[in-house]
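A.B. asks: Chains A and B, in that order, are what the protein sequence lines are. Note that my numbering has the first sequence beginning at 912, numbered continuously upward. Note that my numbering has the second sequence beginning at 912, numbered continuously upward.
These aren't lab readings, by the way, just hints derived from the structure by calculation. Don't be surprised by glycine CBs; every beta carbon is placed ideally from N, CA and C. Treat each hint with caution, since some may be false.
[Claimed, not checked] Computed Cβ-Cβ distance ranges for the label pairs, DEER-style:
no., chain 1, residue 1, chain 2, residue 2, range
1, A, 978, B, 1119, 54 to 60 Å
2, B, 934, A, 1615, 49 to 55 Å
3, A, 1564, B, 1368, 43 to 49 Å
4, A, 993, B, 1169, 44 to 50 Å
5, A, 1509, B, 1368, 46 to 52 Å
6, A, 1316, B, 1423, 46 to 52 Å
7, A, 1564, B, 978, 45 to 51 Å
[Stated by the list, open to error] Think about it this way: if two alpha-carbon atoms lie no more than 25 Å apart in a straight line, the pair counts; the simulated DSS-like pairs of lysine-lysine are:
no., chain 1, residue 1, chain 2, residue 2
8, B, 942, B, 958
9, A, 1501, A, 958
10, B, 1458, A, 1112
11, B, 1204, B, 1267
12, B, 1556, B, 1267
13, B, 1572, B, 1036
14, A, 1267, A, 1036
15, B, 1569, A, 1569
16, B, 942, A, 1566
17, A, 1572, A, 952
18, B, 1204, B, 1566
19, A, 1501, B, 958
20, A, 1308, A, 1267
21, B, 1566, B, 1112
22, A, 966, A, 1487
23, A, 1458, B, 1267
24, B, 958, A, 1572
25, A, 1267, B, 1501
26, A, 1458, A, 1475
27, B, 1566, B, 1267
28, A, 1572, B, 1204
29, B, 1475, A, 1572
30, A, 1112, B, 1572
31, A, 1569, B, 1204
32, B, 1572, A, 1566
33, B, 952, A, 1267
34, B, 1487, A, 1572
35, B, 1475, B, 952
36, B, 1556, B, 958
37, A, 1458, B, 958
38, A, 1556, B, 1458
39, A, 1566, A, 1458
40, B, 1112, A, 1569
Protein chains: 2
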Amino acid sequence: MTALQIALLCSIFVALLSFFLSAVFYRWVKKQPHSNPTIEKIAGFIKSGANTFLKKEYSILSIFAAVVFILILIFLPVPIWKGNPLSNFFMAISYLFGTVLSAIAGKIGVTATTVANKKCAEAAKKSINDAFSVGYRGGAIMGMAVVGGSLIGVAAIFWIFGDATMLLGFSFGASSLALFAKAGGGIFTKTADISADLVGKVELGLPEDDPRNPAVIADNVGDNVGDVAGMGADLFDSNVASLAAALVISSSIDTACNTNFTPIVFCYALIGLLSSLIGILFARMGKNGNPTKALNSSTYTTMGLFAALTAIVTAVFFNEDVYWRIYGASAIGLTVGAVIGIATDYFTDDRRRPVKSVASSSQKGAAFTIISGVSYSYLSTLPAMIGIAISALASYKLCEPIAESINATSVELGMLGISIAAVGMLSIVGMIVANDAYGPIVDNARGLAEMGNLGDVVLERTDRLDSAGNTVKAITKGFSIGAAGLTVIALLGAFMTEVNEAALSLGLGANFLNGFDLLDPIVSFGLLVGAAVPAVFSAMLMLGVDKNAQRMVDEIHRQWTTIKGLKEGKPGVLPKYDRCISIAGSGAIKELVPAGIMTIFTTLAVGFVGGVKAIGGFLMGNIVSGLLLALFMSNAGGLWDNSKKYIEAGNLGGKGSKAHKSAVVGDTVGDPFKDTAGPSINTQITVVSLIASITSSLFITISIF
Amino acid sequence: MTALQIALLCSIFVALLSFFLSAVFYRWVKKQPHSNPTIEKIAGFIKSGANTFLKKEYSILSIFAAVVFILILIFLPVPIWKGNPLSNFFMAISYLFGTVLSAIAGKIGVTATTVANKKCAEAAKKSINDAFSVGYRGGAIMGMAVVGGSLIGVAAIFWIFGDATMLLGFSFGASSLALFAKAGGGIFTKTADISADLVGKVELGLPEDDPRNPAVIADNVGDNVGDVAGMGADLFDSNVASLAAALVISSSIDTACNTNFTPIVFCYALIGLLSSLIGILFARMGKNGNPTKALNSSTYTTMGLFAALTAIVTAVFFNEDVYWRIYGASAIGLTVGAVIGIATDYFTDDRRRPVKSVASSSQKGAAFTIISGVSYSYLSTLPAMIGIAISALASYKLCEPIAESINATSVELGMLGISIAAVGMLSIVGMIVANDAYGPIVDNARGLAEMGNLGDVVLERTDRLDSAGNTVKAITKGFSIGAAGLTVIALLGAFMTEVNEAALSLGLGANFLNGFDLLDPIVSFGLLVGAAVPAVFSAMLMLGVDKNAQRMVDEIHRQWTTIKGLKEGKPGVLPKYDRCISIAGSGAIKELVPAGIMTIFTTLAVGFVGGVKAIGGFLMGNIVSGLLLALFMSNAGGLWDNSKKYIEAGNLGGKGSKAHKSAVVGDTVGDPFKDTAGPSINTQITVVSLIASITSSLFITISIF
């Protein structure tokens, strides 16, 4: 057996182990004690609402996937009449496999969290420790399934087709689904959240999660379809994309130079998953411990394990010089990810100056909440941008010298270094997903506790769990944004590899493309257009939320005035939750399609106008402005959210003060920033990079310039 | 006499003509009838306030300029011990000349507008036509002086030193002063504006421009120092930079290939000025005509004249093939400038969907004003980004083939094409300045009319003049942002030319640098860091406004409660205007310094870390994200401003409605966006490009990578 085969086998084994643990946790969560009938009923509404939306969304997306499947079959990797039809078939199959696995990841997540939410509410009656275990394990079900699924998918595609290019098709399938899932879920959740707050809290003066509010269930459904299903698909896709980029580059080097870089990429991926599994198993709160510590300690355990295990495994493959370079690249990724996370955390931590200062500005009025929030969030982009820039530079320079001894080009090795740093950064992706899914579970649990009248002690416990989730998210978010940045830079390298392979097969000679010079006006043309795309994309999503919220607000008003006994809280009278869920859902689907199409269309348009060089510039412009906007919007949302909470904790006049009213405006603005537009941009960038890579041969053949 | 000498002589002649007309207009404005004593008194306050601030600002900046002068003397263009000390002396002198001329441009503008404002108020008593003439000619004084000054400065430096590199020093002097003037003026004006509105209008319920408001004079002073002095310095600098970029490239080609491109650059510049002069002379309102038409028609006259005259002059220099290419590049600049302006106008026009839709969203609350405003402004970046991308690509490709016949490199000719397009776009700069200065004059006139009790008819007239100014600004702004974009792309070309010349003189051989490859991690390192700079820069300015407004609000409160009879409007009791002016001024100076230093420092840091390649990426990252943010913030400000005005015109409930309150929040957020951060970014980009060019030899010698 070759080293590659062993690595593939081990990968599949660890992925299966991960599925097994996921199933064990699911059974455990399901076995937890039942809740009271009110909660059961409401949890049932949430579950069926989430499933209805997913079904609707997936059925629309299956049409899209079918169209793309046929297009790939005809045109990619090269038009069917020019190349080997079998490759087109394989590529199409890989694409389909990617979409299906990504959809399943979302579905598993929703299934797990819609059970865990009610169990967590019930467990909170006993103790915060019990509630934590249920919430955390509920999230872990999804974390393990997502990462296991991505690893097994990548390993299977690679093994079956023996061609890393097919991975780009697989990854494109995953990310095109993630784009819609993330954007659609993001529009859904913020439509519901904003409308529920706007009419319920502000206009009618109802408390949070009041069951008389017709949008309250839609809000909880939104948490599941946006934060869980959408985010699951998104991180599935990020992980696949980072592996695909690394494997395309490594296998191209391995083929040409007879080296062994591909097995090490798989090893790093499987060690990351294994470390996450162990980290998850070790997440426990001590007696009266605090949940933030428990979450962070499992993250640090994972990081430590990853660093230690990779140190050992790398030694199996390489001599001393290469060892330090490859291991160094992955260590850079891991370290810089943590640094970005911690630096970003500064801007959203309520003990630090930014949050306090925005809260204090709010005393002057909402305009100042916005101005100071925007300003601090602009500042907050700096550490991450520098972090990504430095880690790309350092990992490239570290691996570049390997080229000499194996007779490869220094660009290839440099890009391999960047892609390994991205894999290192995403090693803790299992933890990230688990933590991210934990948030909506405890958030839902809080809602259920409120609606099921479980009392103030339970509410206080779920609140504490919720706030721990928010804090931890800030750090893990640093990893995911950083990894996305590095992955797309590596994908630019993969793009060049693909272009040159396609050019060779089209008889255009070797080294058809040798770089993207900024002084070439075709490159800067692509750069400028590419930079505008994330702005337009997020604008379309936010306008979608705005429009959709309008429809929902009308519906809430209608129910409030026409349903008798609702206003007075007459027992047995419930609003028509399903109407609100259906409005949020169909609106989200209607609004997400144009944004997705625009992204794909612009990429193709730039490619057909300027050819592969324009696409190179386009990708880089997209990365740069996408990172900037994603960081800005995510951090602004977190900053405003925490400023509001800081005031609600009794500072600067507390709830109901002028500062609080202004802070609520900031928080509402921040909602679509951080939960709709910001995180969708990551996926948008990845989709664009992958489309570009797999369609490269078309742009070589057909372009105006 | 050579063609170049003739072109230089003609340039100087037209520039002198421009000064002469400027002086004629100034005398004419001064001779207009006197106003009533109250207005005289208040106008006196405004004048002395503006002059005090300028004096203070310039005295601080003279220290900065002195330090830079010495640094240039020692280190640039090459360290004094390595090269010819005389070049260092020339460079330092050029730098100083640039700062002085730029400062004078600002000073002339303020002198003109602080006389024209009161005359305009008085003229409005007679008719709107008379008021228009005074306002417009007042603005034209500055327009003609600024453009005349920049042309005479460039021609003089070029003639005396015979070395285009010195122009970069001259341009750096102009732009480094503009950076501080624009940022300082921007902080001043918004501090005063926001504080006056916040306490005066919102809290105390005083009408706009009520003389009891202690900040009311500071607000008017702000219009002069921000919009007039700052903007004058800024456009002076843009014009110089675009000429410098074109001349560095053209003279490098002329020297190497014995061609005649430099004279044509001067010809285009002087024809632009001449056309503007004629356009200004023809600006008349017909009987009962409308001021928007008058302003636009003079802009179109200028464009038509420029297109016609350059068509003739170009024929003198070139044969048919080259003729169409050079003339084509300048025509592309002119046309695309207009297209960008018109497309951008769509997003801020109150008869179009964006403004109406933001106004309608405001009914739901301030958060929706912000969300929809941010979304539309993100969308608004697309036409300009595509316009700049296409005009750069088209002008490059158009001029590239000339290279073959004259034995130059295609990059050089392509970059020449881009720089000629930028010159074409800035041909109407005289009109832009005139229109931009017209705005504050009529705005001030309105304030004086209010404070001097000139009655409702006069107010209605000045309001109409004011609103015409805002509409026209949207179109001319398209030109200035577009030209800035093209200029900095051309400066990237100039940067490479400079690096290669420096490398040659350092004995590093010819073609030391042959491009900036995006796959080179040093380039992408620069790109990512460069992209973060405009965000950080604007954040620092906006936080400066926020902090400074806080100080001012406290002062207004203090005066309101301690000055007896002020509240009641007792005759003869006036607030202490000078205290507010002094707070706005010293605060602005305090807050602008760190932002300016950060910009310069980061450029040097990236250069010393990554060398010239990192700087190439840094410049491009800076351009891309700078354009994006500048467009976003400028358009958002205009959009919110007009949405508020749309509601105030009686739509959606009019003044005092919920929608209006929300729209006021949007307008307040938009103020520092459009008048502090947005327009300063243009200057920031130019400064960075110029520093990079003149310090290139240092980064060749000293850098880590």
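A.B. asks: Assess, step by step, whether the Cα of residue 966(A) is no farther than 25 Å from the Cα of residue 1487(A), and give holds or violated.
C.D. replies: holds (20 Å)
A.B. asks: Starting from the range 46 to 52 Å, see whether the pair residue 1316(A) and residue 1423(B) falls in it by beta-carbon distance.
C.D. replies: violated (28 Å)
A.B. asks: CA of residue 1475(B) to CA of residue 1572(A), is that 25 Å or under?
C.D. replies: violated (33 Å)
A.B. asks: Between residue 1204(B) and residue 1267(B), does the CA-CA distance stay at or below 25 Å?
C.D. replies: Distance of about 23 Å is within 25 Å: holds.
A.B. asks: Tell me if the straight-line CA distance from residue 1458(A) to residue 1475(A) falls inside 25 Å.
C.D. replies: violated (28 Å)
A.B. asks: Given the hint that residue 1112(A) pairs with residue 1572(B), does the C-alpha gap stay at or below 25 Å?
C.D. replies: holds (20 Å)
A.B. asks: Is the straight-line distance between the alpha-carbon of residue 1308(A) and that of residue 1267(A) 25 Å or less?
C.D. replies: violated (40 Å)
A.B. asks: Keeping to a limit of 25 Å between CA atoms, is the pair of residue 1204(B) and residue 1566(B) held or broken?
C.D. replies: violated (28 Å)
A.B. asks: Quick one, are residue 1566(A) and residue 1458(A) close enough, alpha carbons at most 25 Å?
C.D. replies: violated (29 Å)
A.B. asks: Is the straight-line distance between the alpha-carbon of residue 1569(B) and that of residue 1569(A) 25 Å or less?
C.D. replies: holds (17 Å)
A.B. asks: Using the Cβ atoms, figure out if residue 1509(A) sits within 46 to 52 Å of residue 1368(B).
C.D. replies: holds (50 Å)
A.B. asks: Keeping to a limit of 25 Å between CA atoms, is the pair of residue 958(B) and residue 1572(A) held or broken?
C.D. replies: violated (40 Å)
Figure legend: structure checked against the earlier numbered hints; hints not met, in rising order: 6, 10, 13, 14, 16, 17, 18, 19, 20, 24, 26, 28, 29, 31, 33, 34, 36, 37, 39.
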